[in-house]
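Novice: Read top to bottom, the protein sequences are chains A and B. Read in order, the letters of the first sequence correspond to residues 1 to 428 in our numbering. Read in order, the letters of the second sequence correspond to residues 1001 to 1428 in our numbering.
Be careful, since some hints might not be right.
Said to hold, decoys possible - Simulated crosslink set (DSS-like; lysine-lysine; CA at most 25 Å straight-line):
1. B:K1406 - A:K377
2. A:K133 - B:K1134
3. A:K406 - B:K1132
4. B:K1169 - A:K419
5. B:K1406 - A:K132
6. B:K1084 - A:K169
7. A:K132 - A:K84
8. A:K406 - B:K1019
9. A:K406 - B:K1135
10. B:K1084 - B:K1154
11. B:K1133 - A:K419
12. B:K1363 - B:K1019
13. A:K419 - B:K1135
14. B:K1406 - A:K134
15. A:K10 - A:K23
16. A:K135 - B:K1419
17. A:K23 - A:K9
The hints are simulated quantities; they were obtained by calculation from the structure and are not laboratory data. None of these values were measured; they are calculated from a predicted model.
Number of protein chains: 2
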Amino acid sequence: MMTQIEAAKKGIITPEIKKVAEKEGIDVTGLLESVASGEAVILKNNIHDIAPVGVGKDLLTKVNANIGTSPDRMDIELELAKLKISEKYGSDTVMDLSLGAILNTVRARILAESKIPLGTVPIYQAGFEISKKKKHIAEMTIDDYLAVIESQAKEGVDFMTVHAGITRKAWEYVNTGGRILDVVSRGGSMLCVWMEANNAENPLYTYYDRILEIAYKYDVTLSLGDGMRPGATADASDRAQIEELITLGELGRRAREANVQVMIEGPGHVPLDQVETNIRLQKSLCDNAPFYILGPLVTDIAPGYDHIAGAIGGAIAGSVGADFLCYLTPAEHLCLPDLSDVREGVIASKIAAHAADMVKYGKRVRSRDDAMSRARKKLDWDEMYRLAIDPDTARERRESSGVADKDYCSMCGEYCAVKSLNEIRNNK
Amino acid sequence: MMTQIEAAKKGIITPEIKKVAEKEGIDVTGLLESVASGEAVILKNNIHDIAPVGVGKDLLTKVNANIGTSPDRMDIELELAKLKISEKYGSDTVMDLSLGAILNTVRARILAESKIPLGTVPIYQAGFEISKKKKHIAEMTIDDYLAVIESQAKEGVDFMTVHAGITRKAWEYVNTGGRILDVVSRGGSMLCVWMEANNAENPLYTYYDRILEIAYKYDVTLSLGDGMRPGATADASDRAQIEELITLGELGRRAREANVQVMIEGPGHVPLDQVETNIRLQKSLCDNAPFYILGPLVTDIAPGYDHIAGAIGGAIAGSVGADFLCYLTPAEHLCLPDLSDVREGVIASKIAAHAADMVKYGKRVRSRDDAMSRARKKLDWDEMYRLAIDPDTARERRESSGVADKDYCSMCGEYCAVKSLNEIRNNK
């Protein structure tokens, strides 16, 4: 059994590559080349029975929804409902970021029920297993970690965040760099604690080849985590972040050489005028590997509305080359998201991704906008709802406003500009 | 009594210019120069007792909330509640866009209760007065129109949208240009109907000098409306739009020569990669007059979430020079906004304006973000709420999640990265 990148390097069009090319309406030969060069990846564990999802060059910008329990809110049914709502509103993948005593059960249930690729951050489970043994995270061995990723890969997890780029050098830059917010990545902070306690290099970096072996076996796509991502706009694009990005570029190359598919993760909190630079720098330092970003949030002051601050950054990032947007919800920085947060987060990210794709792909995606504009011209409300990013909400809003029997809406009523113009046209 | 621009040209620092400079923490001499050159305006009718608001060069990006009745929803108390909620969430101005039989009453009440500058679109009242006389909008005379703007100016309206840039030439471009959505501006469509029926030039253009006379008398800032703004991303940056913009630039110059303060209105629906071009072109064609934009919406497919599509465009636009963002609410394209829409719309626009100002003004506004990041580092929740764009929502979200007695939040619980890092620091 070959991985997608291995097959692509040999010029073999796998069923997965074919399916992705068909779904996206692009040339299969081009996709084959992108997968071979590592500019695109196909998310699908080779033992997981799901439709493959492509991320990267020439492919629509994808959206991920983070779900999962927290130690303070362990409710499996709620997390499964989040999975369903993510799928309903068009999330391309979900990541199960569960923490707490039931995290293995949650992951098993999500894997069983998900129709879309599932990602995880295995260091969370590794930390949990260590704490079950009444040990501290600093006592984790590479074998503990590898056992977790092998067991998750065997279960069918499609992509995994691996914080192998957090090195002592990057950590030193945090310690000396004057950041306001140090390290805000959960997984990243665990490895910093480990390095600090052991006075040794990050084991995920040291034993990276062993991680690659497992990823290769199951065609798990590695998502090289950005543990040094800025958690404050003031900390963006600093030495710690860029040092890690350089390392991620090297690790990405090693993954491709080992026929392992790989994506690079990116920030974070980034002022608007640094977003484009961050994307172009990643593409340059990481050989155009797919870039999977969290936000970026263009301001720090919007808790409660970080899906909006993130959509601003995500749209700009996507338009200049980011490939994969991890959603942010209104709950970010405040609490575990609820169902409404998940819906709002997915939709905000889908808007950002689509706005970006209009720039990247022109007519291929703008046709939906044009169809919407034509429906508006015809005052064809059913068609407008059908084309809307959230048909139910669009319909409910207008129909509850008391003018459902009219051809206009309740904002302008009979003064509708579209109606007036249509009358001019009809009188001619 | 002199207008602000007239005084500024003479080097006179009016109390209003002084107040605005103080509020914004900028040098009063610089502001005086900007007002004299027309690169900034001071919104305040000379008989209206409100705090003046500055818009333009070196000034924080401002946000406007559109409120007002529609023929299908005439509820004065609801509109007054919208005014209050707009003020609460930091809208810098409101525009009363009331339509329907009670529009004069609504405006009077809003003027009486508003603490922030009020804008109107006088053609709406003009159309209403005409229809009261059982006449058609095509029968409106320039005197009918001037009577309305004079009466509104006398009431204290601070700025008025005047669609004087809609010319027969621009209209011809609409007729021959192959737009999907013709004209979507309410006021703009009324003037197109007028021109078409009378086979004559737009009277607001022809008799523009008479409009300037009234505006001068009360120091009403003219907001030159973009009746040809694209209502579909497919129609953006076309000949009709740019022809009107050229005219608006000329009309702006004439206003400044007549010592009338003037802003230019802008689009609309604009693909993300055309936003910057639109702003730079306006600044170039309109002598850096303040640019007041509606969105721009970077996609057409987000009804129900147009505050997000608009925040994306608004943040980018603001970062490259747009001065004034008219909000869009989740109700856009669907119905008249309710109170929740108004709140969501104002907050989304404030986020966009702030993200833009971080780029335009650096430390002057980023200090709030940095204070938020420092509060996060200290896990100082009260300080985080205080600095948040919506303190009540931030507090409610976290406190209702069951961890209000902890120092972390319910997303990561005890696995909080900030806590872990603080522990490393404290152990050193």
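Novice: Could you grab the alpha-carbon distance between A:K135 and B:K1419 and see if it respects the 25 Å cut-off?
Specialist: holds (19 Å)
Novice: A:K406 and B:K1132 were given as a pair; does the straight-line alpha-carbon distance stay at or below 25 Å?
Specialist: holds (23 Å)
Novice: Does A:K419 sit within 25 Å of B:K1169, going by the straight-line distance between their CA atoms?
Specialist: At roughly 22 Å apart (the allowed maximum being 25 Å), A:K419 and B:K1169 satisfy the hint.
Novice: Next pair to validate is A:K10 with A:K23; report whether the Cα-Cα distance is within 25 Å.
Specialist: holds (23 Å)
Novice: Does A:K406 pair with B:K1135 here, judged by a C-alpha cut-off of 25 Å?
Specialist: Holds: A:K406 and B:K1135 sit about 24 Å apart, inside 25 Å.
Novice: Checking one constraint from the list: CA of B:K1406 to CA of A:K134, max 25 Å. Satisfied?
Specialist: holds (23 Å)
Novice: Is A:K132 close enough to A:K84, meaning Cα to Cα at most 25 Å?
Specialist: violated (31 Å)
Novice: Check the hint pairing A:K23 with A:K9 against an upper bound of 25 Å on the C-alpha distance.
Specialist: Holds. A:K23 to A:K9 sits at ~22 Å (cutoff 25 Å).
Novice: Given the proposed pairing of B:K1406 with A:K377, does the C-alpha separation stay at or below 25 Å?
Specialist: The given pair, whose Cα atoms are some 54 Å apart, is violated under the 25 Å limit.
Novice: Run the distance test for B:K1084 versus B:K1154: straight-line Cα separation, threshold 25 Å.
Specialist: holds (24 Å)
Novice: Below or equal to 25 Å on CA atoms is what counts here, so check B:K1084 against A:K169.
Specialist: violated (53 Å)
Novice: With the threshold set at 25 Å, check whether the alpha-carbon distance from B:K1133 to A:K419 stays at or below it.
Specialist: holds (22 Å)
Checked against the numbered hints above, the structure breaks hints 1, 2, 6, 7 and 8 and satisfies the rest.
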